[in-house]
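Trainee: Chain L is already provided as a structure; the job is to place chain R on it using the hints.
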Amino acid sequence: MRATEAPLLGKPRRRVAVVGAGMSLFVRRALETGKELSYYAASQALETAGVKRREIEAVVMVTAPDAFDGVHMKGEWLLDGAGGAGKPYMRTYVGGGSGVFGLISGWTLVASGLFDLVLVIGEEKMSSCQPHPQGAFLTIFDHTIERPLGPNLLWIFALEQHRYMATYGIRNEDIALVSVKNKRNALDHPAAQVAANLTVNDVLASEVVAWPVHRLMVSPVSDGAAALVLASETVARRLTDKPVWIQGVGWSLDTSYWGNRDLAYPRYVEAAARMAYAMAGVTEPRKQIHIAEPYDPFAYKELHHLEGLLLADKGQAPEDLAQGRFERTGPLPVCPSGGLMGVGNPIAAAGVMKVCELFWQLRGEAGRRQVPGKPERGVAQAWGDLMQIGTVAVLGIH
Amino acid sequence: MSDHVAIVGIGSTPLRTLSPDQSYREMVFAAAARAYADAGVTHRDIDSFISVAEDLHEGTSITDEYTPDQLGAVLRPVQTVAGDGLQGVATAFMLIRSGIADLVAVEAHCKSSNILRHEAVLEMAFDPLYERPLQVYPHYVAGLEMRRFLHETGTTEEAVAQVVVKNRRNALGNQAAAFGAMLAADDVLASDPLCEPLRALEISAYADGAVVLVLGSAEAARRAPRPVWLRGVGWISGSPWLGTRPWGAASYAAAAAEKAYAMAGVTDPANEIRFAEIDDTYAYKELQHMEAARLAPRGGAGRMTLAGETGRGGALPVNPSGGSLGMGYCFDATALYRTAEAVRQIRGEAGRQQVRGATLGLVLSWRGVPTQTGGALVLAAA
Chain L
43 MRATEAPLLG KPRRRVAVVG AGMSLFVRRA LETGKELSYY AASQALETAG VKRREIEAVV
103 MVTAPDAFDG VHMKGEWLLD GAGGAGKPYM RTYVGGGSGV FGLISGWTLV ASGLFDLVLV
163 IGEEKMSSCQ PHPQGAFLTI FDHTIERPLG PNLLWIFALE QHRYMATYGI RNEDIALVSV
223 KNKRNALDHP AAQVAANLTV NDVLASEVVA WPVHRLMVSP VSDGAAALVL ASETVARRLT
283 DKPVWIQGVG WSLDTSYWGN RDLAYPRYVE AAARMAYAMA GVTEPRKQIH IAEPYDPFAY
343 KELHHLEGLL LADKGQAPED LAQGRFERTG PLPVCPSGGL MGVGNPIAAA GVMKVCELFW
403 QLRGEAGRRQ VPGKPERGVA QAWGDLMQIG TVAVLGIH
Chain R
-11 MSDHVAIVGI GSTPLRTLSP DQSYREMVFA AAARAYADAG VTHRDIDSFI SVAEDLHEGT
49 SITDEYTPDQ LGAVLRPVQT VAGDGLQGVA TAFMLIRSGI ADLVAVEAHC KSSNILRHEA
109 VLEMAFDPLY ERPLQVYPHY VAGLEMRRFL HETGTTEEAV AQVVVKNRRN ALGNQAAAFG
169 AMLAADDVLA SDPLCEPLRA LEISAYADGA VVLVLGSAEA ARRAPRPVWL RGVGWISGSP
229 WLGTRPWGAA SYAAAAAEKA YAMAGVTDPA NEIRFAEIDD TYAYKELQHM EAARLAPRGG
289 AGRMTLAGET GRGGALPVNP SGGSLGMGYC FDATALYRTA EAVRQIRGEA GRQQVRGATL
349 GLVLSWRGVP TQTGGALVLA AA
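Residue numbers (our numbering), protein chains in the order written: chain L, 43 to 440; chain R, -11 to 370.
If we strip away everything but chain L, and leave its shape as in the complex, we get:
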């Protein structure tokens, strides 16, 4: 099995850069429609890149389940807000991993040589789903085997967190620290929804939603959009002195039968990371990656994913966190943006937001969130489906 061996995929023929990024506020109930949020984020990204909407050759849209909005073919519906009307427009989809996958899709369009300037938009409006988007999530489960049990996302992630804790002897206090760190980092993010100065005790004193998951270990229900402008090497060099190169991309989807898997370790994230690292020429990720934006919709997921990304030993990420390794000023800043736990989780937009953060950090434009030491290379990762997909992108200034 090729599972976690180095992937056999070839070398890309063209280099692709991110030249612009933008995002809307992440909020609980946006008054704007999904089209308007997309338009706003796209406009900001285009402005940063110094590119006019009409110069964009193709548009990629990523957005999570149609059930949130109750709109069939949601991508088609959002297309004019995204600036895709009259253009090659494509919606790709890997569930919660869609955000970082949007970058990978845009990369594919440019790396193929078919396009030189591409807009990527992640949009999500979870508040349209009443009374709560968890209702829509009931429809993600297998219609025959699982749905009759009435499962809920919180339950299955509670199962996974519990398995992670039991396998390695991790305490809930260690996991609560992720919420504390990310919500504090988010205080410096102008678009953040749930930034806060909290203690571990505050997190553990919050209501248990599905043991061992406490309310403050779960990212919020959010509305928002984020966008990126991607360019081929020639166009990127014409547009900016500071292109941020997409050095490697990777994605991997595990079996649908998640009940048969060991939930203690996200092997699909490792497979995706190995693919991206191989493409980027990263052989020692802990030395060569200077900043990480792993997907953190639940507090434990940040730690789980850091291990899958090979940035921490299995079961050791909580200890590294406790020792300050992942602080914004630490040796490996993790989620300096504030992550989903702090900035918010409009699903597909949240993954794009992570790439936006790397873009700003690597260009030294992250303001009060800027990590010290001029980082040269970062990794962004998203996750989704039935604890099943890893999407990974390595970005750098060289």
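Each hint should be verified, as a subset may be incorrect.
[Stated by the list, open to error] Under the rule of at most 25 Å between Cα atoms (straight-line distance), these lysine to any residue pairs were calculated in the SDA-like manner:
no., chain 1, residue 1, chain 2, residue 2
1, R, Lys247, L, Asp122
2, L, Lys53, R, Gly60
3, R, Lys247, L, Arg57
4, L, Lys356, R, Val62
5, L, Lys77, R, Met112
6, L, Lys94, R, Ser239
7, L, Lys416, L, Arg279
8, L, Lys77, R, Ala108
9, L, Lys77, R, Leu6
10, L, Lys53, R, Gly87
11, L, Lys77, R, Ser239
12, L, Lys77, R, Glu119
13, L, Lys77, R, Val62
None of these hints come from the bench; they were simulated from the model.
No experiment lies behind these values; they were computed from the predicted model shown.
Mentor: Positioned in the frame of chain L, the structure of chain R alone reads:
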């Protein structure tokens, strides 16, 4: 390394109105196994996988969760394209052109028989604020568009009926088709006027099935037994609004076809393209799409059809497979079925449907009401 990309394997299940004996996963497994065998590879040789699907068709949110196992793609780079089948093919094409993949599989399926009323799903594709309160019946949009097309081009209702006659007769020779029939134009014109001038028999009926294509780089194609070259790819989305689109002409199809022609170096499609598999979700669409793709002059597609020029033995055979009217309409899998049919034509393996000199073919797709999204492929023998 060459930029050339080929379709090296095709596999599908026969389209049928009902499929109670098989789940969609079983159908996809069968189609994938056939496609891999056709390409002379196993699932282990495939570098990346693409599934084309929409949540509300599946009755499952985040439906891409359920794609890897039956494709042999567990722990591999798999993605879903929530779009037209040809957007899936375009994605595979681009992954190969990027240099990172040699072989990519594209899958789509349709279990329409699981859906109580597909029109109710389509109604959810209209804008919730501006269009849905009008309670638009999806086929009514097609009826309006057909009226405008007939008006602008002078095409007759007889010509539209003849499309149905031709396609359903062509389907009699296609074992994968569900709706082969010998009809007369009068039968079609006598069928219920569902949304005038659109008649019941001018609407493609739903069918269940799964289809998988394997695309390969030039290198991979050299090892494949029967590669068919993908010379041009294009896809475009027009306006999502019903109120702000050109109704008479299929502008999206024209733009998509022009992109594919430009890539393939086709300048005079009416003379260069030898056969076409063109979207005919509604019978008038075949004519409208032919004109958009410059296979017929404006207002000329109906005349060509009445003169038999688009028949299997005519100067420009259109939908020798039977099209959606003859094979069955299967959502976003439709375009992949038709691509597989075009590949069979170019390989000379189309049996009773075989057209002469099928060296260069066009596949043109449309995502259906209410979209203005279409794709185009130019396929060649060499």
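Trainee: Indicate, hint by hint, whether the structure satisfies it.
Mentor: Checked hints:
A distance of roughly 21 Å separates the Cα atoms of R/Lys247 and L/Asp122; the hinted pair therefore holds under the 25 Å criterion. Distance check on the hinted pair: L/Lys53 and R/Gly60 sit about 24 Å apart at the alpha-carbon level, within 25 Å; holds. Between the alpha carbons of R/Lys247 and L/Arg57 the distance comes to roughly 24 Å, so the proposed pair stays at or under 25 Å and holds. In summary, the hint linking L/Lys356 to R/Val62 is supported, as the alpha carbons are separated by about 22 Å, within the 25 Å threshold.
A C-alpha spacing of about 16 Å is found between L/Lys77 and R/Met112, which places the hinted pair at or below 25 Å, so the restraint holds. Restraint check: the Cα-Cα separation between L/Lys94 and R/Ser239 comes to about 23 Å, which is no more than 25 Å; the hinted pair holds. Taken as a hint, the L/Lys416 and L/Arg279 pair is honoured in the structure, with Cα atoms around 21 Å apart against an allowance of 25 Å. For the hint linking L/Lys77 to R/Ala108, the alpha-carbon distance of about 23 Å falls within 25 Å, and the restraint holds.
Among the hinted pairs, L/Lys77 with R/Leu6 is inconsistent with the structure: their alpha-carbon atoms are about 38 Å apart, more than 25 Å. Among the hinted pairs, L/Lys53 with R/Gly87 is consistent with the structure: their alpha-carbon atoms are about 6 Å apart, no more than 25 Å. For the proposed pair L/Lys77 and R/Ser239, the alpha carbon gap of about 23 Å is at most 25 Å, so the pair holds. For the hint linking L/Lys77 to R/Glu119, the alpha-carbon distance of about 15 Å falls within 25 Å, and the restraint holds.
Restraint check for L/Lys77 and R/Val62: the C-alpha separation of about 35 Å exceeds 25 Å, so the hint is violated.
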